[in-house]
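**Student:** Be aware that the sequence shown starts at 328, since it is given in the numbering used here, and climbs by one per residue.
No wet-lab data here; the hints were simulated from the structure.
Careful: at least some of the hints might be erroneous.
Unchecked claim - Pairs of lysine to any residue, SDA-like flavour, derived with a Cα cap of 20 Å: (1) Lys348 to Asp399; (2) Lys373 to Asn347; (3) Lys403 to Gly340.
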Amino acid sequence: MVNKKPLYAVVNGPIPLPTNKRIFTVLRSPHVNKKAREQFQLSAHKRLMDIYSSSSKTVDALMKLELPSGVDVEIKV
Numbered sequence: 328m329v330n331k332k333p334l335y336a337v338v339n340g341p342i343p344l345p346t347n348k349r350i351f352t353v354l355r356s357p358h359v360n361k362k363a364r365e366q367f368q369l370s371a372h373k374r375l376m377d378i379y380s381s382s383s384k385t386v387d388a389l390m391k392l393e394l395p396s397g398v399d400v401e402i403k404v
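Throw the hints in and build the complete structure from the sequences for me.
**Tutor:** In structure tokens, the structure reads:
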């Protein structure tokens, strides 16, 4: 998405926040070999961006921004 007019706003960030990690340990075999286990991990990375001196056009541009699946944006006014 290319904007014809730049949206002037003061931006602070991106500030990396702690990564949420969930680790799951499962048995490799359903019947025997209790010592044989496998681990899986889900990681959620978060970033914080502060936008100051924004106009309504800036907020509209952020709301219309197309993001790939798995990326979530939360806007607080």
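**Student:** Could you run down the list of hints and mark each one as holding or not?
**Tutor:** Quick rundown of the hints versus the structure:
For the hint pairing Lys348 with Asp399, the CA-to-CA distance comes to about 17 Å; that is within 20 Å, so the pair holds. For the hint pairing Lys373 with Asn347, the CA-to-CA distance comes to about 8 Å; that is within 20 Å, so the pair holds. With a C-alpha separation of about 15 Å, the suggested pair Lys403 and Gly340 falls inside the 20 Å cut-off, and the hint holds.
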